[in-house]
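Visitor: Residues per chain are reported as follows:
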Amino acid sequence: MKNMRTESNRSLQEINPGILLDRIRAESPLIHHLTNWVTIYDCAQAVKAIGASPVMAHAMEEVCDMAAISSSLVLNIGTLTIDFVEAMKRAATAANKKKIPVILDVCGAGSTSLRDQKCKELLIETKIDIIKGNYSEIARVCGENVKTKGVDSSSIAMNIKRLASGLAFAKKCVVVVTGQEDIVTSGKTAYFISNGDKLMASLVGTGCMAASVIGAFAAVEKDLVKAAVSGLVCFEVAGELAAKKSNGPGGFKVHLFDSLYNLKRVTVSRMQRIKC
Amino acid sequence: MKNMRTESNRSLQEINPGILLDRIRAESPLIHHLTNWVTIYDCAQAVKAIGASPVMAHAMEEVCDMAAISSSLVLNIGTLTIDFVEAMKRAATAANKKKIPVILDVCGAGSTSLRDQKCKELLIETKIDIIKGNYSEIARVCGENVKTKGVDSSSIAMNIKRLASGLAFAKKCVVVVTGQEDIVTSGKTAYFISNGDKLMASLVGTGCMAASVIGAFAAVEKDLVKAAVSGLVCFEVAGELAAKKSNGPGGFKVHLFDSLYNLKRVTVSRMQRIKC
Amino acid sequence: MKNMRTESNRSLQEINPGILLDRIRAESPLIHHLTNWVTIYDCAQAVKAIGASPVMAHAMEEVCDMAAISSSLVLNIGTLTIDFVEAMKRAATAANKKKIPVILDVCGAGSTSLRDQKCKELLIETKIDIIKGNYSEIARVCGENVKTKGVDSSSIAMNIKRLASGLAFAKKCVVVVTGQEDIVTSGKTAYFISNGDKLMASLVGTGCMAASVIGAFAAVEKDLVKAAVSGLVCFEVAGELAAKKSNGPGGFKVHLFDSLYNLKRVTVSRMQRIKC
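Protein chains in written order, with this note's numbering: chain A, 17 to 292; chain B, 17 to 292; chain C, 17 to 292.
Incorrect hints may appear among the rest.
Where chains are identical, the list cannot tell them apart; a pair therefore holds if satisfied intra-copy or between any two copies.
EDC-like, lysine to aspartate or glutamate: derived pairs with alpha carbons at most 20 Å apart [stated by the list, open to error]:
{"no.": "1", "residue 1": "K214", "residue 2": "E43"}
{"no.": "2", "residue 1": "K187", "residue 2": "D239"}
{"no.": "3", "residue 1": "K136", "residue 2": "E77"}
{"no.": "4", "residue 1": "K105", "residue 2": "E160"}
Everything labelled a hint here was simulated from the structure, so no lab data went into it.
Note that the structure is predicted; figures quoted are calculated from it, not measured.
Modelling step: build the complete structure from the supplied sequences, incorporating the hints.
Guide: If you want it as structure tokens, here you go:
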């Protein structure tokens, strides 16, 4: 027990979201997206506010070229079509070749069989480096029979750590599960983040933006567990700061972008709530 | 005359937008959209702010599955293509089978022959439960030779009640006409709403959001006249509250989402302006 | 030298952005867009806030009809596909026939060979009246071997005026180059604008919105150099006003729309910084 605690503390000290934040601002990496049509603007703005350069490009004829000049690739199946997923596969294959990280937001997994099928195909036909979803989406990707409707059943909550670890282990990737407490796991180690504010759930697109911000962190840090934890922490700390000034989702969105833009390393250090 | 007034009062008492608002928040119904690419985010956020769960899905292969788990379906032809309308027809057919209400926003009807043709097809090939448009759009769907350019000619204004009633009667549906005074008619009864603020016309997407909010109300109330009146009233009362704090369309949008999110039953009751 | 200065002053006096702004509000011209899916809402809202009427329509079967009732056409290749560019060509051909101005934002030119190829095709197969881009995008359209990643190399900055003039001359069009100092050139005369604020670069979509606002000015002024200079000046003056009230991109966007909506002719006259 004592050894484990020491191990945990050492691991925690290795996570420094603020340093990676400054690295993003110094390097301004290009983050290529094939994302959700609902939240496409917000994904781009979140990435830009944090200090990286977003680019959205989905034409079959240019996704490889765009991936080739980018530092990470973010995919989101929120408004998928068959053709769009084919472009995702092509982009991911190019990203795999160039060895830049690929983040997949399994948005809406479990709601239709098309989504389940296309998640499966993406995970088999390409190498996904970070899989991100909420409790029920990740449970569904793990093969559980859940109904996705934004609501997380308590039985899933109890098993989700085990499911996420198993998925990460099987796919040799990092799995990010967002919820009241977020989980980031490589299958071997797991981190738990309890930053954020309940207003985040009132705003359309916070989940998609979180994946995009993680994409920006993955562009500057090879250890993808660190990158994912750091991205989530920075995004959620910005969310907490924004929530303090807000009275609803309209004001919250305005302040979220301003908080991401003005986020300081020292503020992140002070506010981050990570467990191991 | 006396009898009619009594009849009207009785009808008015049956309309209680605030009660339906609370029902939406209790049930959080899923509202499936195939909507306008310009305003897709705002439709989703308006529906979420009022307390329902938006989902946007247009892939031919999943629209039926999505309609099958939803409580209403909102269609909007604002940025239509032929394939997109085919997906709408498929979704509407699934919604008809499941007996969930289908709302059609005839956005831009009259501006091109494609829009006129596709409105016609949707109204013939599927059962639309609520048709929503502004004065000139609805007049056009009724076969009038109007030019849609956002401006409502006064001659249409004079005839619109008769036209809308005729359309509702012919199509056995509810027709919603938005303008300075909104009309909701089943062909038999008609209600007139004079809530709202002129800043609403300065914001792109208020018409689309109104249709989506009506979709949320139609998901919890089988009497679609009541649902449409209630949805419009709540949306426009939120607009009035937002306008008081705003100096232009930018601030107005922020406050509109916050007002929808914080809208109270008692406030709606106090501010609603419905005539019969 | 003295003659040139006199000539310059005369030219400057002919530019009156505030008068054109009032003309837009009086006429409310319809501005047809085939634009970027990321910023489509913002392009529409900027155009509406300035007093014109935006319409977004891309279906192959209606782009000609829509162009035929519009006063200008704005194209943006930011999220191009091959089919989408075909619709652009069809719309531009209809606009050319109707003799309404066509504005092309060469968003992302230089980042992939698809973008370069499609810019070339649009410029050869249709008559583009105003080409707009940042330093590196315009340099690329001129055939320079630049890498577009949002960053402008200083060597381009030195040559950009010559490049832009050459392009304008060769294509018999107006070229708009945005940057710290904007350039508007017909190949013969050139204007330089130094309005704007650095917060504009922190907001996704300011470039796209600038093109759309120029589209609104081109709809009411046949001299397209005057139209482009006036559009840029009004947009950037609104940006300066907004920046004074803002602390980041979230607040800036809100105030930008409000400033465009409330922009006064006298304010523009007082704040405009145009050189010849």
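Visitor: Against this structure, judge whether each hint is valid.
Guide: Structure-based check of each hint:
1. K214 <-> E43: Result: close only across copies, 19 Å inter versus 32 Å intra.
2. K187 <-> D239: Answer is within: at 16 Å inside a copy they meet the 20 Å cutoff, but 50 Å across does not.
3. K136 <-> E77: between (24 Å within a copy, 16 Å between copies)
4. K105 <-> E160: This pair counts as neither: shortest intra-copy Cα distance 24 Å, inter-copy 32 Å.
The earlier numbered hint that this structure contradicts is number 4, and it is the only one.
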